[in-house]
Amino acid sequence: MSEAPFIEAAEIAPGHDGAAELVLFVRYPGAGRQTVTLDADAAEVLFEHTQTGDVSALHGVPWHHLKDVLQQRPGSGAAGGNG
Amino acid sequence: MAELSGCRAFTAPKPGEDWAALAARVLPGTPEGEAVEKLQSWNLHLFARHPRGQFLGSDVVFTAPPAA
Amino acid sequence: MDWIIRSGRIVDGSGLPAFEGDVALKDGKVVRLGGRIEAEGAQVFDATGCIVAPGFIDPHTHFDVQLLWDGQARPALEHGVTTIVPGNCSLSLAPLKAGDRQRVVGMFQQIEEMPDAAFDGAFEWRWESFDGYLAALKESLSINVAPLVGHSVIRLWVMGAAATERAATAEELAAMQDLLAQCLEAGAVGLSTSFVDVDENLMPVPSRYAHLEELDALAAVLGRYGRMLQVVPEFYATDITLARVDQLAELSLRYGIPTTFSPLFDSAATPDNVPRVMARVAEQMARGAQVWPQVQTRPIDISFTFEVASLLFAGLPKWYRTMRMGTEEKIAALSDPEWVAQLLAEAEPGGNGVRWAGVQVRGGVSDASLVGQTLGALAEVQGTSPAQVMIDLSLQHNLEASFIAASLGHNDSDRVGALLADGNVHVGASDAGAHIQSFATYGDTGYLLGHFVRDRGALSLEAAIKKITADTARIWGLPGRGQLAPGFAGDVAIFDAAEIDRCAEEACFDMPEEGMRYVRASKGMVGVFVNGALSWSKASGYADAPVGQIATQLPGAASA
Numbered sequence: 001m002s003e004a005p006f007i008e009a010a011e012i013a014p015g016h017d018g019a020a021e022l023v024l025f026v027r028y029p030g031a032g033r034q035t036v037t038l039d040a041d042a043a044e045v046l047f048e049h050t051q052t053g054d055v056s057a058l059h060g061v062p063w064h065h066l067k068d069v070l071q072q073r074p075g076s077g078a079a080g081g082n083g
Numbered sequence: 001m002a003e004l005s006g007c008r009a010f011t012a013p014k015p016g017e018d019w020a021a022l023a024a025r026v027l028p029g030t031p032e033g034e035a036v037e038k039l040q041s042w043n044l045h046l047f048a049r050h051p052r053g054q055f056l057g058s059d060v061v062f063t064a065p066p067a068a
Numbered sequence: 001m002d003w004i005i006r007s008g009r010i011v012d013g014s015g016l017p018a019f020e021g022d023v024a025l026k027d028g029k030v031v032r033l034g035g036r037i038e039a040e041g042a043q044v045f046d047a048t049g050c051i052v053a054p055g056f057i058d059p060h061t062h063f064d065v066q067l068l069w070d071g072q073a074r075p076a077l078e079h080g081v082t083t084i085v086p087g088n089c090s091l092s093l094a095p096l097k098a099g100d101r102q103r104v105v106g107m108f109q110q111i112e113e114m115p116d117a118a119f120d121g122a123f124e125w126r127w128e129s130f131d132g133y134l135a136a137l138k139e140s141l142s143i144n145v146a147p148l149v150g151h152s153v154i155r156l157w158v159m160g161a162a163a164t165e166r167a168a169t170a171e172e173l174a175a176m177q178d179l180l181a182q183c184l185e186a187g188a189v190g191l192s193t194s195f196v197d198v199d200e201n202l203m204p205v206p207s208r209y210a211h212l213e214e215l216d217a218l219a220a221v222l223g224r225y226g227r228m229l230q231v232v233p234e235f236y237a238t239d240i241t242l243a244r245v246d247q248l249a250e251l252s253l254r255y256g257i258p259t260t261f262s263p264l265f266d267s268a269a270t271p272d273n274v275p276r277v278m279a280r281v282a283e284q285m286a287r288g289a290q291v292w293p294q295v296q297t298r299p300i301d302i303s304f305t306f307e308v309a310s311l312l313f314a315g316l317p318k319w320y321r322t323m324r325m326g327t328e329e330k331i332a333a334l335s336d337p338e339w340v341a342q343l344l345a346e347a348e349p350g351g352n353g354v355r356w357a358g359v360q361v362r363g364g365v366s367d368a369s370l371v372g373q374t375l376g377a378l379a380e381v382q383g384t385s386p387a388q389v390m391i392d393l394s395l396q397h398n399l400e401a402s403f404i405a406a407s408l409g410h411n412d413s414d415r416v417g418a419l420l421a422d423g424n425v426h427v428g429a430s431d432a433g434a435h436i437q438s439f440a441t442y443g444d445t446g447y448l449l450g451h452f453v454r455d456r457g458a459l460s461l462e463a464a465i466k467k468i469t470a471d472t473a474r475i476w477g478l479p480g481r482g483q484l485a486p487g488f489a490g491d492v493a494i495f496d497a498a499e500i501d502r503c504a505e506e507a508c509f510d511m512p513e514e515g516m517r518y519v520r521a522s523k524g525m526v527g528v529f530v531n532g533a534l535s536w537s538k539a540s541g542y543a544d545a546p547v548g549q550i551a552t553q554l555p556g557a558a559s560a
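Chains as they are written, first to last, in the numbering used here: chain L, 1 to 83; chain R, 1 to 68; chain G, 1 to 560.
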């Protein structure tokens, strides 16, 4: 396993605005883990890049890949919707 | 006043700061490329929203990885 | 005496045990309570068998626009809500220069999902200043209002287009401080800001461009008036929320102000979120900071159609792949028995945890009798599977059939009940008046009193009432409201404790030009007084009683 942070798990969670969101759990080797929440558009781009539609297949995706995918995506909305 | 327990270190971006400038402020002594890389890996939430990977004045920027 | 509310069981908002008696109202206020009260000429409201409580206060709403043509903020009033806080999440309708209106309308439409007609002809836009907006509201106000002023509109007023480009200069900061002070003088209950909201182009709202120094400068003004700072933090991001708690605590301690962040959700996806956030809140409260997490009572639902690829299907690769197809390709796939067989095989074991049998038909179907029925019930009747029913309905209605997977988040009643009972939790975050075309944001107080108090005993009736009345008034600094006591406002909610609840969600076409929204009617509420006037009753419905007041000021006599 690389020492670089990676996606350890992913779950679907209900968003505040009634839409489903993708919660990624990023593991930092030697430290803890944190969540990164994606909206449907961002998640779709991530799924496309990993060529899967299955949240379990995101396991192991390195943080660099996640960052690059998010930076490339044409959409702009942050997950979480409006308050 | 009651003591606070420790929590994950963070800062707020200052006007005009980019990743390199913020890295120089919070991780002095670490080579710029390495410092920026560390900061970005700890702050993926800033890439999950627009403007992607750029600071907004109100952002929370972590200066340490999450606690074990 | 104007009114005697007769023979109720009084829960006065203090948290003390209920007691039997009458409540007398005169000149808009409570003048006596307890025991038998006789007064010649007074009207009598029979509350036998009912709870008589202070009117509820909803601290997180977006009724800013609706109040301009509906001063009753329907259906909030019929749920017993007599005071509302609009202007949350950095957005208010004032102060706002005429040239910036369209910009802010876009932000409101993004958040509230109000139709264009709501802003175009439903009211006359005559104000720019905050007191001008309040004057427009007061012309037909039937509910009390404690309005926040939005950080985004303050920034927009002072900085114009630069509000979404850069940090403020020292001169601009000073101008924002002056403007905020004017709003607070006019009656604003505080300042709202947001760290997550976006406009109609999904770009950050102006408040998100403000540096911490700007928020600090504005908090200093709030400190002069002892007023509230409300923020919307990032969702499902515990470390960030903890950082926000610390930021708010520092501002609270530095300037002696109350702060609140909303919402705080419980979620099975991030089960340690609430315990960690509440532990930090407790630490900060112990230091003397006021950092109130707002927790909503209702669970979160997910709505979806087959038109758009909902992440609800992301745990089912074949389904998700299908949902991401173009419309024609998708219809062809869903019409292909072989393809559908694969979908069904994938869905039936349970997929990503969604209980398809419990999913309800929400709308978009030609047969209205299907709305509200579960896929499980329909499948049983049709002798097929819930997933097959969902596919069939979607195909029959050109993919426009809509469904709702209810209670998918914030839905563990044991955990949420304990959270609501926590002394550091501020019950609120209803978002009433927002997301109106996505789900109903009304009736959270009925759900609190029915589900968590009566059905589950998570907290006593007295404690629950205190949380949504006296506690809220104290946290927000609303003088003379939130309790039934002599001299307090005659804001009263009268309900049957055995019946109190919220009704099922239903589509309603009462927005301007018959625009649609989802609402919930009240259940078990029998009467609601605002400033001493009977404003809604189960027997007669809404009364034309424009008695609402600006709740940051001492209650005055009712004018109608």
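Incorrect hints may have been included.
[Claimed, not checked] What follows is a set of in silico ranges between Cβ atoms, one per label pair, in the way DEER data are often shown: (1) L:GLN71 / G:GLN342: 32 to 38 Å; (2) G:GLN553 / R:GLU34: 56 to 62 Å; (3) G:PHE509 / R:GLY16: 47 to 53 Å; (4) R:PRO28 / G:ASP178: 37 to 43 Å; (5) G:GLU506 / R:GLU34: 53 to 59 Å; (6) R:PRO28 / G:GLU307: 50 to 56 Å; (7) G:ASP414 / R:PRO28: 31 to 37 Å; (8) G:ASP272 / L:GLN71: 27 to 33 Å; (9) G:ASP414 / L:GLN71: 50 to 56 Å; (10) L:GLN51 / G:GLY223: 23 to 29 Å; (11) R:PRO31 / G:GLY99: 45 to 51 Å; (12) G:SER366 / R:PRO51: 16 to 22 Å.
[Stated by the list, open to error] Derived list of chain G stretches under chain R, where covered just means 3 residues or more per stretch with a C-beta under 8 Å from a C-beta of chain R: (13) 273 to 284; (14) 300 to 311.
These are computed hints drawn from the structure, not numbers from a lab.
Glycine included, every Cβ here is placed at the ideal spot set by N, Cα and C.
How the hints compare with the structure:
no.: 1; hint: L:GLN71 / G:GLN342: 32 to 38 Å; result: holds (35 Å)
no.: 2; hint: G:GLN553 / R:GLU34: 56 to 62 Å; result: holds (58 Å)
no.: 3; hint: G:PHE509 / R:GLY16: 47 to 53 Å; result: holds (50 Å)
no.: 4; hint: R:PRO28 / G:ASP178: 37 to 43 Å; result: holds (39 Å)
no.: 5; hint: G:GLU506 / R:GLU34: 53 to 59 Å; result: holds (58 Å)
no.: 6; hint: R:PRO28 / G:GLU307: 50 to 56 Å; result: holds (52 Å)
no.: 7; hint: G:ASP414 / R:PRO28: 31 to 37 Å; result: violated (48 Å)
no.: 8; hint: G:ASP272 / L:GLN71: 27 to 33 Å; result: holds (29 Å)
no.: 9; hint: G:ASP414 / L:GLN71: 50 to 56 Å; result: violated (41 Å)
no.: 10; hint: L:GLN51 / G:GLY223: 23 to 29 Å; result: violated (54 Å)
no.: 11; hint: R:PRO31 / G:GLY99: 45 to 51 Å; result: holds (49 Å)
no.: 12; hint: G:SER366 / R:PRO51: 16 to 22 Å; result: violated (44 Å)
no.: 13; hint: 273 to 284; result: holds (count 3)
no.: 14; hint: 300 to 311; result: violated (count 0)
Consistency note: the structure conflicts with the earlier hints numbered 7, 9, 10, 12, 14.
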